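Asker: Chains as they are written, first to last, in the working numbering: chain A, 1 to 602; chain B, 1 to 602.
Calculated from the structure, these hints are not laboratory results.
Just to be clear, a hint being listed does not mean it is correct.
It does not matter which identical chain is used: a pair holds within one copy or between any two.
Unchecked claim - Keeping only pairs whose Cα atoms sit at most 27 angstroms apart, straight-line, the calculated DSS-like set for lysine-lysine is:
id, residue 1, residue 2
1, 3, 26
2, 320, 513
3, 217, 331
4, 497, 577
5, 12, 189
6, 546, 331
7, 331, 462
8, 146, 497
9, 191, 73
10, 327, 497
11, 497, 47
12, 3, 546
13, 83, 224
14, 47, 12
15, 327, 513
16, 224, 47
17, 47, 189
18, 327, 224
19, 513, 3
20, 189, 513
21, 513, 459
22, 189, 459
All figures in this text were calculated on a predicted structure; none of them were measured in a lab.
2 protein chains.
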Amino acid sequence: MAKQFVSMRNLKFMLFELFDVEALTKYPYFQEHSREIFDMVLETGLKMGTDLLYPCFAEMDRNPPQFVDGQVKVHPMVRPLMKACGEGGWIGAHAPYERGGQQIPMMIMTAFRFIFAAANYSASVFPFLTSGAAHLIESFGSEQLKETYVPRLFSGEWQGTMALTEPQAGSSLTDIQTTAEPTQHAFYKMKGQKIFISAADHDGVDNVVNLLLARIKGAPPGVKGISLFVVPKRRFNGKGDLEDNDVTTATIYHKLGYRGSPITQLSLGDNDDCRGWLVGEPHSGLRYMFQLMNEARVDVGMGAAAIASAAYYASLEYTKERPQGRKLTSKDPTQPQIPIIEHADVKRMLLFQRAIVEGSISLLFQCAKYMDLLTVLESGEEKERCELLLDLLTPVAKTYPSEMGILSVSAGLQCLGGYGYCDEFPLEQYYRDARIHPIHEGTTGIQGMDLLGRKVVMKGGKAFQLFLEEVQRTIQEATEIQRLAPQGQALREAIDKLRHVTGHLTGIALEGKIELFLADATLYLELFSIIAVAWQWLLQATALEKALRGAPPEADATFYMGKLYAFRFFFAYELPKIEGLARRLTQSDGLTLEMNEALFAD
Amino acid sequence: MAKQFVSMRNLKFMLFELFDVEALTKYPYFQEHSREIFDMVLETGLKMGTDLLYPCFAEMDRNPPQFVDGQVKVHPMVRPLMKACGEGGWIGAHAPYERGGQQIPMMIMTAFRFIFAAANYSASVFPFLTSGAAHLIESFGSEQLKETYVPRLFSGEWQGTMALTEPQAGSSLTDIQTTAEPTQHAFYKMKGQKIFISAADHDGVDNVVNLLLARIKGAPPGVKGISLFVVPKRRFNGKGDLEDNDVTTATIYHKLGYRGSPITQLSLGDNDDCRGWLVGEPHSGLRYMFQLMNEARVDVGMGAAAIASAAYYASLEYTKERPQGRKLTSKDPTQPQIPIIEHADVKRMLLFQRAIVEGSISLLFQCAKYMDLLTVLESGEEKERCELLLDLLTPVAKTYPSEMGILSVSAGLQCLGGYGYCDEFPLEQYYRDARIHPIHEGTTGIQGMDLLGRKVVMKGGKAFQLFLEEVQRTIQEATEIQRLAPQGQALREAIDKLRHVTGHLTGIALEGKIELFLADATLYLELFSIIAVAWQWLLQATALEKALRGAPPEADATFYMGKLYAFRFFFAYELPKIEGLARRLTQSDGLTLEMNEALFAD
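Taking the hints into account, I'd like the entire structure generated from these sequences.
Answerer: Dropping the structure here:
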């Protein structure tokens, strides 16, 4: 085990120096909070992460959930974890006081969750999936649903899930077939199959509450006929006792990584006795679910960056301790070997990781800040701005850490050479765990279509314009600092390129060539993401340079200067990747559209 | 299990249409061969791959080698596999007749091995490591060593290995410490530790022969004091029986993938009774070993491309069968779903894989062709040309398939969505298996330094000049075909860029700034590799266009046209990546050199 899995110093930089979370306390909603409380939350997160989650990191992988006699058994730490998270108020921490929450800003909870996910991603899923499910009931459920479910979810006694996917309809929610038949009672009778549902059955809790998409009998076809239901694994009978709700776990999946968390296949209503309770209005389920899905997407990006963080620190520790080889300028074999961190290529791999991890974290906190502002702002122009920017950045915040996290962890593994490939070091597990993120909560391909096909063009491109304005404002501030001028100029050219590419593609859309417009949406997402993260790095660099002017204590100065190298690295090694992407994106030759299945023969 | 793991059609295209292996039969050395014999070899390879190796692919992963009572037990298929390879003559197939070989061209054996590796990479290592070890003894060993070892290695009764790495000297061979003490007999007494040695102990053979680097007592420090030894696990006693040679297996490694093959840690001379026999001259070990290492490097590239091939066909099969979603232009949910291969982004991921796999294969056959020509050519200009080009391309042929193979397999996994992450499909295993290749036989970082620091500059840049000439010749031929003009032009610009970058970097070397010169050698390798594979694709495209002019049968025409899409894909999506790389490589700001360890704090 490596000593470190997260940089608290960097999280505090994000919260208190870059995004100024304390400023939120001027709003009535957050007024009871303070820097002291925020620090206490972070300390508790680190303590729980260190004492409770991190020690089980490898163990939960080596001893994955077992499916025994139709029941899922998870690692014994899950129950105390859920209990501790419930008792500490961490599951409902972001919720309003009147619902039993603590009204803690999302920025702070993002840091808290990040620590958990870096310590042990699989374990972190149990409490925070529950948060999301509870939040959905809170937002759209009836008072009775709220009273029945939210307290038991917040307390960690019950697990929450999101149940969307079906065997015949993976990413295609249009094709959901699970049915809900109205009864004379308050409930519907549910029938269907759900696959790939995280944590929908386990012995670390007393019950599971599935937030589940289904189709009321007679509903219109397609997404317009999808409704949202609460379908618990066990339901209350008339006497206030829990009884079985005919939700059967058919199987669990054996996975490459992310093994501590059980991913289940559910069968509803095998005995014609599965009850579901409608959330909100009929046929509006997808709209409600999108609240949870959008939160979950940012959460996936956060989990991906957290795994990459843990991998980074594990590889950093190794490279400092492992002697091998000598400087190119002094090859004398009688001299002692040097730690491999002194080799330029190893430093390149470390800086690459740091640039990805800290760039991703910054983007995630940016999103969390928009979420917090949406909580406190009155409707108006500023609120709409936050809403649009969050919408626009959600596929980016999901995908960039997920896709680049894989490469970042891979670079970490490479730093260890042969040992990186062996399970006596944690890198191989991070490598396996990280691979889930471009898949769940909407694949990268789907995020690309969401960004280009929906977000960039919505409201006449308003979100996109707002994004460009934000980036330009950052460039403007940066240009006041002489040392940042080259990067400011590079980002200026990058957004010109982005504007040009976007104009080219939307021009194709206006001609009605929708397939051609979206054929390379995944590449567009990559291009956009690199620029978005470059923006975040320039934002960070500006804060860093300003902080350095203030003659900070040595430890801080070292931290700031180290980060400035990661910033320079990003602009030197990562930003130039947009050149090739922009070139491809402006070709629009329809190559992949033309290629037909028959030509894949042989 | 997917039905297909390799395209025989494509291998035959490489051999008979692109690189014209039949032309070799005009040389006396290969004159007894013919197209019929070559076809027979390929058919046998496919039959053995299909019947013997492929069925054990997942099983060998799920039941990895066990270390029991100091002995390594491997899957029971290893013994019959070694026997079949020995009896069929496949282990020594490339060797001269007088050594019991069959003088089969490397091009043909590359195809044969490729089939094996695609069927089951772990299993393929046993026979072909043995080939390499035997070839080394053949090339540099005494007659007695040859007589003792080569026939038993060729027969598959004994396993061959290459034993270089030591605990304190992973990639730094300079620091090898295993000692060889001269005795009054023909043997030396060996003492030391070796780590990460593939297949150095297992029960699928009767003995193991380690080709091992060690230092004769009193030898000069550094690489100039390294000698090559044969150190068998069991040795002949005076009576012609085998007895223990004091080579102890200390442990085996538990790995991310490549699990069917045991990777061992060896301890030599624990009882002061380990004997080694010198190969060739003292202190020349590294030079000899480089023959095997260079072969092994090309072999690693081949194994990487083979895994990517298998992953490609598995994902292709899935995408043809899995219905999900609808065309963007017809979203009517009452219409049936379409197979996902019809989605542009899925076709992009498939074409990406095909472009990587078939581009890599082409480069590997190019190297094999140089090897064959080196076997038959008299010394002279043409032979030197082949030698220099093979030297130059070896790090490229090792690294490009290894690094891009990871991304290719990852794209294959992504095609399956959640199922790609589950072990009921083979993609997750390919993803784990593939990750070894950028590590073993010299990491990517080491290959980068080899290419830029050694190969590009050797003999006053002669190899590099010859490479440019080869590429230019290919461009010249391609420009005679109208449809290839854009790609010909793109490649022309690419080599101008390569020349410019190389000039810039060697200029820095001439100023004596060696660390700066090599700081981004890994990126240079990437740039060079993309161009080398673009060259191979243009070479292929020229042959394809010519073949299409001849009005081939429909199945051939479909195959050719499909390949032409992969060719266009490479130029449209992959070649533009050199833009960003070239930009970075000409900055030379010394960023990674400046960054010091202290700044990685926090």
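Asker: Within a copy, between copies, both or neither: which one fits residue 47 and residue 12 at a CA-CA cutoff of 27 angstroms?
Answerer: Only inside one copy: residue 47 and residue 12 sit 16 angstroms apart there, 61 angstroms across copies, limit 27 angstroms.
Asker: Is it within, between, both or neither when you check residue 217 against residue 331 at 27 angstroms Cα-Cα?
Answerer: between (77 angstroms within a copy, 22 angstroms between copies)
Asker: At most 27 angstroms between CA atoms: does that hold for residue 497 and residue 47 within a copy, between copies, both, or neither?
Answerer: Neither: 45 angstroms inside a copy, 53 angstroms across copies.
Asker: Checking an output row: residue 189 and residue 513, CA cutoff 27 angstroms. Within, between, both or neither?
Answerer: Classified as neither; 43 angstroms inside a copy, 75 angstroms across copies.
Asker: Measure nothing new, just compare the shortest in-copy and cross-copy C-alpha distances for residue 12 and residue 189 to 27 angstroms and report within, between, both or neither.
Answerer: neither (49 angstroms within a copy, 59 angstroms between copies)
Asker: Taking 27 angstroms as the upper bound on the Cα-Cα distance, should residue 327 and residue 513 be classified as within, between, both, or neither?
Answerer: between (56 angstroms within a copy, 12 angstroms between copies)
Asker: Please sort residue 327 with residue 224 into within, between, both or neither, judging by C-alpha distance up to 27 angstroms.
Answerer: between (65 angstroms within a copy, 18 angstroms between copies)
Asker: 27 angstroms Cα cut-off: does residue 47 pair with residue 189 within a copy, between copies, both or neither?
Answerer: Cα proximity of residue 47 and residue 189: none, with 44 angstroms in one copy and 55 angstroms across.
Asker: Taking 27 angstroms as the upper bound on the Cα-Cα distance, should residue 546 and residue 331 be classified as within, between, both, or neither?
Answerer: Neither. Shortest intra-copy (41 angstroms) and inter-copy (52 angstroms) distances fail the 27 angstroms Cα cut-off.
Asker: As a check of your reading, is residue 513 near residue 459 (CA-CA no more than 27 angstroms) within one copy, between copies, both or neither?
Answerer: Cα proximity of residue 513 and residue 459: one copy only (20 angstroms, versus 55 angstroms across).
Asker: With identical chains treated as interchangeable, where does the CA-CA distance between residue 3 and residue 546 reach 27 angstroms or less: within a copy, between copies, both, or neither?
Answerer: For residue 3 and residue 546, the Cα distance exceeds 27 angstroms both inside one copy (31 angstroms) and across copies (61 angstroms).
Asker: Quick one: residue 83 to residue 224, C-alpha cut-off 27 angstroms, is that within a copy, between copies, both, or neither?
Answerer: Result: close neither inside a copy nor across copies, 39 angstroms intra and 64 angstroms inter.
Hint check: violations occur at hints 1, 5, 6, 8, 10, 11, 12, 13, 16, 17, 19, 20, 22; the rest are consistent with the structure.
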